[in-house]
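*Asks:* Given these sequences and hints, build the entire structure.
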Amino acid sequence: MSDQGVVSVVLAGVGGQGILLASEIIAEAALLSGLEVKTNEVHGMAQRGGSVVAQIRFGREVFSPLVREGTAQVLAALEKVEALRYHRYLAADGMAVVSTQEIIPVSVSSGQAVYPGDVDERLRKLFPRLLPVDALTIAAELSSPRSTNVVIVGALSHYLPLDLQDWEGALRRRIKPGLLEVNRRAFQAGRALAAESGR
Amino acid sequence: MEKRLLSGNEAIARGAFEAGVTVAAGYPGTPSTEILETLSCHRDEIFCEWAPNEKVALEVAAGACLTGARCLVTMKHVGLNVAADPLMTLAYTGVVGGLVACVADDPGMHSSQNEQDTRHFGRFAKVPLLEPADSQEAADCVKIGIELSERFRTPVILRSTTRVSHSRSPVVIGERQPSSRTIGFEKDPPRYVPVPIWGRQMRLRLEERLRALAEEVDRSPLNRIEWRDRSLGIVAAGIAYQYVREAFPEASVLKIGWSFPFPDGKIRQFAIGVERLLIVEELDGILEEHIRALGIACIGKEVVPSVGELSTGVLLDSRRKLEGKEDKAPAAVPAECRDLPSRPPVLCAGCPHRGIFYGLGRFDVVVTGDIGCYSLATFAPLSRIDTILCMGGGISMAHGMDRAGNPRKVVGIVGDSTFFHSGITGLLDIAYNQGSSTIIVLDNRTTAMTGHQCHPGSGKTLMGKEAPCASIEEIGRACGIRNVVTIDPYRLDLVHKTLKEAIEADEPWLIVAQADCPLAVRRKVGPVLEVNQERCIGCRMCLKLGCPAIECSGEKPQVNPLLCIGCGLCRQVCPQGAYQERENETDV
Chain A
0 MSDQGVVSVV
10 LAGVGGQGIL
20 LASEIIAEAA
30 LLSGLEVKTN
40 EVHGMAQRGG
50 SVVAQIRFGR
60 EVFSPLVREG
70 TAQVLAALEK
80 VEALRYHRYL
90 AADGMAVVST
100 QEIIPVSVSS
110 GQAVYPGDVD
120 ERLRKLFPRL
130 LPVDALTIAA
140 ELSSPRSTNV
150 VIVGALSHYL
160 PLDLQDWEGA
170 LRRRIKPGLL
180 EVNRRAFQAG
190 RALAAESGR
Chain B
0 MEKRLLSGNE
10 AIARGAFEAG
20 VTVAAGYPGT
30 PSTEILETLS
40 CHRDEIFCEW
50 APNEKVALEV
60 AAGACLTGAR
70 CLVTMKHVGL
80 NVAADPLMTL
90 AYTGVVGGLV
100 ACVADDPGMH
110 SSQNEQDTRH
120 FGRFAKVPLL
130 EPADSQEAAD
140 CVKIGIELSE
150 RFRTPVILRS
160 TTRVSHSRSP
170 VVIGERQPSS
180 RTIGFEKDPP
190 RYVPVPIWGR
200 QMRLRLEERL
210 RALAEEVDRS
220 PLNRIEWRDR
230 SLGIVAAGIA
240 YQYVREAFPE
250 ASVLKIGWSF
260 PFPDGKIRQF
270 AIGVERLLIV
280 EELDGILEEH
290 IRALGIACIG
300 KEVVPSVGEL
310 STGVLLDSRR
320 KLEGKEDKAP
330 AAVPAECRDL
340 PSRPPVLCAG
350 CPHRGIFYGL
360 GRFDVVVTGD
370 IGCYSLATFA
380 PLSRIDTILC
390 MGGGISMAHG
400 MDRAGNPRKV
410 VGIVGDSTFF
420 HSGITGLLDI
430 AYNQGSSTII
440 VLDNRTTAMT
450 GHQCHPGSGK
460 TLMGKEAPCA
470 SIEEIGRACG
480 IRNVVTIDPY
490 RLDLVHKTLK
500 EAIEADEPWL
510 IVAQADCPLA
520 VRRKVGPVLE
530 VNQERCIGCR
540 MCLKLGCPAI
550 ECSGEKPQVN
560 PLLCIGCGLC
570 RQVCPQGAYQ
580 ERENETDV
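Line by line, the protein sequences are chains A and B.
When we follow numbering that gives the first Met the number 0, the leftmost residue of the first sequence carries the number 0, and every step to the right adds one.
When we follow numbering that gives the first Met the number 0, the leftmost residue of the second sequence carries the number 0, and every step to the right adds one.
Bear in mind the hints are in silico, worked out from the structure with no lab data behind them.
Do not take every clue at face value.
No farther apart than 30 Å at their CA atoms in a straight line, the calculated lysine-lysine pairs in the BS3-like style are these [claimed, not checked]: (1) B:Lys459 / A:Lys175; (2) A:Lys175 / B:Lys523; (3) A:Lys175 / B:Lys324; (4) B:Lys186 / B:Lys125; (5) B:Lys496 / A:Lys175; (6) B:Lys496 / B:Lys459; (7) B:Lys543 / B:Lys523; (8) B:Lys555 / B:Lys543; (9) B:Lys300 / A:Lys124; (10) B:Lys125 / B:Lys300; (11) B:Lys300 / B:Lys320; (12) B:Lys496 / B:Lys464; (13) B:Lys300 / B:Lys327; (14) B:Lys499 / B:Lys464; (15) B:Lys496 / B:Lys543.
Note that the coordinates shown come from a computational prediction; the quantities given were computed from them, not determined experimentally.
*Replies:* See the structure below:
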């Protein structure tokens, strides 16, 4: 394998949570830092409230846009069960950043499946390096509940080898001017939380 | 030198802009849709249209290119089946202005009903086929494709795949290079009219052109040899190249970016230079078959899967097979990851289609479905679609079942965009051949599944202009359907009454269930609701709607106020009157 020097990130969540924007911000920050970048996203049917995943890889030379199982340095999930679902992508020493949100799927509401009651315990057992983030509350306190994705990007940014100025540049490039300030604060809140956690 | 991070689809649009394309047409389909959407940002310089279907789109481009205009056509892989008719003969008549048909395959079937390999169409139609491996190559392939198309007077296919179209990577931004040609059709019937006497000459010229292209392909930098260790040489096409470089970093590679006509010279040169030859291509073994036919020994589909998409991981398995090692046992799934609730895509909260499918649940009928969001009603708890075949197939299959004498009444379901695409001819057949099926058009005024593209019934065009709104009801009447009604799918009493009358009738009915896609118009249908927990008896009737805003992990359901858009269906099905307007509406 020749993926030495390539950093891989996997984002997981539920269609409509803003995974694509989060992915674009990370990729843009890597591009601004002068690295080669490849990302992959799923469009179309998967966006109708289904489980979605986006992948970002950056380094000096990147071939595949897809992350191989067991190689992601960071797995960030916007929903707890989705973190469990995509665990297989994370490297053994990888960092899991998980929004503490629970979204009940229709399969549970209609009685075909059960939402695991011990989901927090499962997360703790499965991920030796885990940062739970109450992103929804943080975003709501900024009066911008749709910015939970950017809170998570802020948190995961702490674990990636990219400079703060490139993250700021990426936010400017990918977020509309009218929403930039609130999202900048969402990003900073997430980043500060990760830094203070000591994890 | 400016570099931008573009998806493959954005890069194709950029390439078309820089190549001087002035006419672009297509029909939305994942993973191709964003190409035309991106290109339409240049509508001052490029005429862009969503055509009713892919056949029309290619015909529009065929006409435009004969005036000298450079053209781009976009579609997903199954769209090329619809456009195959004009493609096969356009190869004979040829083009004047360059024409590139961009066709996006979906290996792994992320958003498609089949996994067909568009590369067969290069050989089938005898036209050049290019296969980019990332966004930069996607942009370059459009420009090279336009140039080849004009030089050899042939349409060119650009085959993308989901992982090219929906991956982002940096692209160097260049200048637009307009064509120097003056627009104007020049009469030349022996060239453009394939009646037998001239068609036979065109057929001969097509073979001459293929021979000329076969010489050109061996000179093209799109196919390049990378010499490394020569004990193993790999021929890799399209995005498979990227996975090969990770799974076999030491191997020599013949990277194929122009795969038809086959680059025989480069293949022979490469094969002679390596000890063992492995062919890695996604989906069918097209190159492999051809290389074997050249008399060259190679390994291919014995170790590389022909089903589903490839990846570095998949090729590492191929590598183990090639090296005679045992298959790696799949990693054990940790206990924490077992029994997770599935989360497939569902009809959105407040989707107007839900009212129709819930209503159909009260009748013992067969439902032939079609391609669109409504295919999601196949799954529990709605479980109300029995078949899906292709665009428009829901209408014609209903007629077939009906005329075969199926003992249960048959209801065909189609969306508005799909109706304009391929549904009208099926409806015409039902009227003409006097069937008795019920056809429901779920008319949400947009092409919803692919992300809300306009269509002939939406009153808008891709150029941002107002347009006449084609009436589904009037089309139905003009076809000869006598019973045509329009209903509000949010009113379950009306839905039930109308369905009952139509299903009991012994002649065809056309029901147009009309309500805007709430996701497209971005507004609530009504006030956000909540469950009065005292009145709710936990009967779970509302959960039969399969609405993602109604969450229930215990005894009684609750409404997620962030998802609810107040469609009110739950209020209509609740026998206890437990659904009420949310008290703190301002919290939402």
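*Asks:* Hints first: check each against the structure and report whether it holds.
*Replies:* Results for each hint:
no.: 1; hint: B:Lys459 / A:Lys175; in the structure: 25 Å, holds
no.: 2; hint: A:Lys175 / B:Lys523; in the structure: 24 Å, holds
no.: 3; hint: A:Lys175 / B:Lys324; in the structure: 53 Å, violated
no.: 4; hint: B:Lys186 / B:Lys125; in the structure: 25 Å, holds
no.: 5; hint: B:Lys496 / A:Lys175; in the structure: 48 Å, violated
no.: 6; hint: B:Lys496 / B:Lys459; in the structure: 33 Å, violated
no.: 7; hint: B:Lys543 / B:Lys523; in the structure: 22 Å, holds
no.: 8; hint: B:Lys555 / B:Lys543; in the structure: 14 Å, holds
no.: 9; hint: B:Lys300 / A:Lys124; in the structure: 41 Å, violated
no.: 10; hint: B:Lys125 / B:Lys300; in the structure: 25 Å, holds
no.: 11; hint: B:Lys300 / B:Lys320; in the structure: 11 Å, holds
no.: 12; hint: B:Lys496 / B:Lys464; in the structure: 38 Å, violated
no.: 13; hint: B:Lys300 / B:Lys327; in the structure: 19 Å, holds
no.: 14; hint: B:Lys499 / B:Lys464; in the structure: 40 Å, violated
no.: 15; hint: B:Lys496 / B:Lys543; in the structure: 20 Å, holds
Violated hints, in rising order: 3, 5, 6, 9, 12 and 14; the structure is consistent with all others.
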